[in-house]
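Asker: Fit chain F to the known structure of chain D by using the hints.
Protein chains: 2
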Amino acid sequence: MRVAVLAHEQFPDRAKTAVGVLRYADHDVVAVLDRDSAGTTVADHVADLDADTPVVEGVADAPAFDALVVGIAPIGGGFDDSWRPDVRAAIERGADVVAGLHYLLNDDAEFARLADEHGVELRDIRRPPDDLTVAEGVARELDCEVVLTVGTDCSTGKMTTTLELVEAARERGLDAGFVPTGQTGIMIAGSGIPVDRTVSDFTAGAVERMLRERGDDHDYLVVEGQGSIVHPAYSAVTCGILHGAMPDHLVLCHEAGREAVHGYESFSLPDPGRVAALYVDLAGEVAPTELLGGALNTSGLTESDAEAALAEYEAAIDAPAVDPVRQDAGELLEEL
Amino acid sequence: MRVAVLAHEQFPDRAKTAVGVLRYADHDVVAVLDRDSAGTTVADHVADLDADTPVVEGVADAPAFDALVVGIAPIGGGFDDSWRPDVRAAIERGADVVAGLHYLLNDDAEFARLADEHGVELRDIRRPPDDLTVAEGVARELDCEVVLTVGTDCSTGKMTTTLELVEAARERGLDAGFVPTGQTGIMIAGSGIPVDRTVSDFTAGAVERMLRERGDDHDYLVVEGQGSIVHPAYSAVTCGILHGAMPDHLVLCHEAGREAVHGYESFSLPDPGRVAALYVDLAGEVAPTELLGGALNTSGLTESDAEAALAEYEAAIDAPAVDPVRQDAGELLEEL
Numbered sequence: 008m009r010v011a012v013l014a015h016e017q018f019p020d021r022a023k024t025a026v027g028v029l030r031y032a033d034h035d036v037v038a039v040l041d042r043d044s045a046g047t048t049v050a051d052h053v054a055d056l057d058a059d060t061p062v063v064e065g066v067a068d069a070p071a072f073d074a075l076v077v078g079i080a081p082i083g084g085g086f087d088d089s090w091r092p093d094v095r096a097a098i099e100r101g102a103d104v105v106a107g108l109h110y111l112l113n114d115d116a117e118f119a120r121l122a123d124e125h126g127v128e129l130r131d132i133r134r135p136p137d138d139l140t141v142a143e144g145v146a147r148e149l150d151c152e153v154v155l156t157v158g159t160d161c162s163t164g165k166m167t168t169t170l171e172l173v174e175a176a177r178e179r180g181l182d183a184g185f186v187p188t189g190q191t192g193i194m195i196a197g198s199g200i201p202v203d204r205t206v207s208d209f210t211a212g213a214v215e216r217m218l219r220e221r222g223d224d225h226d227y228l229v230v231e232g233q234g235s236i237v238h239p240a241y242s243a244v245t246c247g248i249l250h251g252a253m254p255d256h257l258v259l260c261h262e263a264g265r266e267a268v269h270g271y272e273s274f275s276l277p278d279p280g281r282v283a284a285l286y287v288d289l290a291g292e293v294a295p296t297e298l299l300g301g302a303l304n305t306s307g308l309t310e311s312d313a314e315a316a317l318a319e320y321e322a323a324i325d326a327p328a329v330d331p332v333r334q335d336a337g338e339l340l341e342e343l
Numbered sequence: 008m009r010v011a012v013l014a015h016e017q018f019p020d021r022a023k024t025a026v027g028v029l030r031y032a033d034h035d036v037v038a039v040l041d042r043d044s045a046g047t048t049v050a051d052h053v054a055d056l057d058a059d060t061p062v063v064e065g066v067a068d069a070p071a072f073d074a075l076v077v078g079i080a081p082i083g084g085g086f087d088d089s090w091r092p093d094v095r096a097a098i099e100r101g102a103d104v105v106a107g108l109h110y111l112l113n114d115d116a117e118f119a120r121l122a123d124e125h126g127v128e129l130r131d132i133r134r135p136p137d138d139l140t141v142a143e144g145v146a147r148e149l150d151c152e153v154v155l156t157v158g159t160d161c162s163t164g165k166m167t168t169t170l171e172l173v174e175a176a177r178e179r180g181l182d183a184g185f186v187p188t189g190q191t192g193i194m195i196a197g198s199g200i201p202v203d204r205t206v207s208d209f210t211a212g213a214v215e216r217m218l219r220e221r222g223d224d225h226d227y228l229v230v231e232g233q234g235s236i237v238h239p240a241y242s243a244v245t246c247g248i249l250h251g252a253m254p255d256h257l258v259l260c261h262e263a264g265r266e267a268v269h270g271y272e273s274f275s276l277p278d279p280g281r282v283a284a285l286y287v288d289l290a291g292e293v294a295p296t297e298l299l300g301g302a303l304n305t306s307g308l309t310e311s312d313a314e315a316a317l318a319e320y321e322a323a324i325d326a327p328a329v330d331p332v333r334q335d336a337g338e339l340l341e342e343l
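In order, the protein sequences belong to chains D and F.
For the first sequence, the working numbering gives the first residue as 8, with consecutive numbering after it.
For the second sequence, the working numbering gives the first residue as 8, with consecutive numbering after it.
Only chain D is shown next, with the shape it has when bound in the complex (with noise of 0.2 Å):
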């Protein structure tokens, strides 16, 4: 699929989901939208990634391309209204339009007007399927190995993290599907349940449906984990995931220096080993599990310190550990 991911004004900063679709997503990105850059390519504004993908002013001056992705979520998830030219454009030159906003693209009427006359699709990644149901307990029973990337808190590397191992599998040869739970994985995969956004009695029956629907197709399924069990806000949806995806193996996922939690900064965050422990444990009352070693997000450390945090962390974690980005998170399967 040929796409155009709309940044503007904040490519590639504070554009996680346009910079994670142009490293992950096996989308061909045929432009970048930035107004503020038109002009350039996307290899000067990321170093690791040498695409001479263009980062033009608008639709109008992007090749052709089938879907336009919204590739920035501000603060709230509103649509910015200077956006709404290039999705008008978008949807007149019959491409469809992939958003993770709360602000709902087919609640907008001039978008849904647009979209049904030229025959192309709105979607709105942040909205969970109507039918979501309970699970029934059958992730464990699946024809493959599910592999969970869980966190010491939020915002750890887990995506990262889980889009690395995935990789890091095919390389070894490993058939192994990717099972995304946020916005900007699933934009990534192309499909997928937002599963904080679900109703909470149906959040392990919404990772559930996920890995019964790729169970079939995939050896190893890698599920990208959100929050923390010991999160004061948001660890009925880690709970839930690790409930419904019944893992075979975790991966425990920390940035190094953490010490409290992100956002919440009164509660300090336990010792990395016993947020291990806890999650087997918790994890094993449902379905025995076990730690396939810890994901270290050292990227504010030199070399030498980052290798002195990975070893300290896996002394904590009692496992094998890597930072997924500096290293081969590949170091990880070899257990499998």
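Derived from the structure by calculation, the hints contain no laboratory data.
You can trust all of the hints, since none of them are fake.
The list treats identical chains as interchangeable, and a pair is accepted whether it falls inside one copy or across any two copies.
Within a straight-line C-alpha distance of at most 25 Å, the following computed SDA-like cross-link-like pairs (lysine to any residue) qualify: (1) Lys23 <-> Glu143; (2) Lys23 <-> Leu308; (3) Lys23 <-> Thr140.
Answerer: Quick look at chain F alone, frame taken from chain D:
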């Protein structure tokens, strides 16, 4: 308010909402609808309710009432179409209809049209407020002590235990408030948020909000728990309540002799002592808590078997335990 309670084919053993309303709500129950037991009375089925309330075939046989309460909740929360004639007849008689199903009466075209036509209200108890948010993590700062009932499974007596604890506390002169989280509790209390129906990201926030609204009015709040932390489908809700409520004290509810997860019989229940430890550990990483005691449902046992089961349960959880229906739940409050 005069109410008729619909409990077709399930009264009393699988009609916990019906029995809860009969036992605890302030309503005048004029009839129970159960086509399997038409011609009997409530007292024929529930020994400790000395109500001569008739059990009838359907709405046509019931005395005048102001509201029809759907008193059964199948797994999944669907609407059974065999109930449709009674709901229709109730509306046509000018009665409101109150239900706590996932299936919303207001979304049913026929019921919505009929209700409009007859000027009655369809009250979907299970619909949460539209303005819920993520938890701020402040429940522990409230000026009251929080007791949370938790369970080894669903349907172990958490709502009953919660209501009995509130009653027992009041009898002892303690200023205790009830925080309902499920449809039956909300029906009994007259207000509350159905926590299993919130957006998963807002589960803890919904509980926190109820505590903040009630915290200044009482010295003690007793929160009705849901599900179980070791449940393959419902643990997300349980975990959200546990971290959103930040309870000072836990009471673990269990049914004597239950060995597998209700409705998920291939999952055996862990030893109650392990479940208790898991609750204390999981809660404790966010806000320290302690096990106040246990509540054991011994309704299926003889008096002497019940005593033996209680002794065994106390040993398993290493804390005092009562059957809050046979005995005085207040014994658990001695420690407060």
